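5 is the number of the first residue of the sequence shown in my numbering; add one for each residue after it.
Since the hints were derived computationally from the structure, they do not count as laboratory data.
The calculated lysine-lysine pairs, modelled on PhoX-like cross-linking and capped at a C-alpha distance of 25 Å, are:
(1) K156 - K196
(2) K302 - K418
(3) K107 - K278
(4) K451 - K482
(5) K226 - K205
(6) K320 - K377
(7) K153 - K205
(8) K156 - K167
(9) K196 - K153
(10) K167 - K153
(11) K196 - K461
(12) K107 - K134
(13) K482 - K244
(14) K134 - K229
(15) K167 - K179
(16) K224 - K134
(17) K396 - K339
(18) K360 - K396
(19) K169 - K187
(20) K365 - K418
(21) K320 - K435
(22) K107 - K28
(23) K159 - K196
(24) K435 - K134
(25) K28 - K271
(26) K302 - K435
(27) K70 - K451
(28) K201 - K151
(29) K205 - K151
(30) K271 - K244
(31) K339 - K401
(32) K70 - K51
(33) K201 - K153
(34) K339 - K418
(35) K320 - K360
(36) K271 - K107
(37) K196 - K141
(38) K187 - K151
Computed from a prediction, not measured in an experiment: that's the story for all the values here.
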Amino acid sequence: MIDFSAQLVEGTIEHTIDYLIEHKVDLSIFNSRFRNDKTGAPAYHPKLMLKVILYAYTNGIISSRKIEKACEDNIIFMTLAADNLPHFTYIADFIHHFEEEIKKIFLEVLLVCWEMNLIGGEFLALDGCKLPSNSAKEWSGTFSNLKRKEIKIRKTLEFLLEKHKASDDSIEQKKTNQNQIEKIEARADKIKDFLEKNQPKLGPRGNEIQSNITDNESAKMKTSKGTIQGYNGLAMVDSKRQVILHAETHGGNNESQYTRGFLNNSKAALFESKLPGTILTDATLIADTGFFSEDNLKFLDDEEIKGIIPDNNFRKRDPRFQTMDRHREDGSKRKFTADDFILDEVKKTCICPDGKHLAYKGIRPSGGATAHKYDASSADCSVCDIRERCLKKGNVKSRTLYVSIPKYGHNYSKEMIARIDTPDARDIYSKRMGIVEPVFGNIRANKGIHRFNYRTKRKVNIQWLMYCMMHNIGKIHKAHEALNICETRCRK
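Using the sequences and the accompanying hints, generate a full structural model.
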């Protein structure tokens, strides 16, 4: 006979999870579903499912089938599940059906972090972690690309049909051939059906971006480990103990376009969690260059949020990087930027690093805004000795320069650039990597979680919240463990 009460040893992560769910987290939000006389209550109590799933994620197990297997074989899982054996379909349904409930539980755990003094509110780092989802990048493309793919598949289908008709195969081989044809035909029909029922996806600049037949809310993203089809998990992390204050996912490469919505949602969530409403305005928000835009900087100013968000060229202006060209393996020099050109917007003149004048071409649209356009002469560029540092590779014959016009009558970008060039701001920005990157490292490397196994933004967002909640519970566990060690030493 197994004594389940003896399996959760104090000081272990499973004991922390069990204690939090039993004593610190208000599960009344589940009452409307759990106490339901009309449609019936769930098969298992929500607290059992929360314990099992959070412990599974802590051990890098995200597959609902593997979680079910663990509840059958692992004594800790058996204890947390109260010797129940939930089916993998119920585990999967629990994760993506209880959206509002999971958000509430995340805030309950966050409040515990605040009560344990794990949140400092001095610096907040915002960044994204790109993870693949349950969708294949091979099913991505613009509508024209997908149409060409359908035509190519149907041509292959016609070729196979003619080939099989002319062949003298056995009955079994004919069945195999027929199954192959049906699979290929289903692929073509899948593309056709998608193109008929959907509209092209548009990017922030109004141009068409790639759609995905399997999960059209996901996106094709470039990462350090190659191109993936997935979602960008955004997280705002406090500097004191690296507790995640807010998290959500988006299907897109451009982090800048989600900043305002993310901060508005985080403000509402922090207010709901009963944390101080001024935590965003009291702290300094740090984000990398992907979040730099005039719209975002204006938003921070309007919301009175102190932010440090550098532009793409801030390292080139940093005196500490003046000698970086000597370290390039190919011996090449850095490319010229707008800062290397002498501009006079009043006289509408522009001089390039080689001393040649660029002709003013008026005001043109640029990156969703407007800018002054300057064009160099192709004759000047063709004989320039430093053209390799000015022009991109290819058939570009002359340099074109765009000088942005303040969108709101006030140049927030220029103000931020002036601020980031100060030693104090550079010192603050240097803290960003040490605040937020270890969080993603913990989720991916320590816990072994490298992907989402759901489709659609709503379901993936719930799973990302569970990942981040699991991380915060780990911080609670470590703090409680350190407190116990200190108390033991004091008693000695």
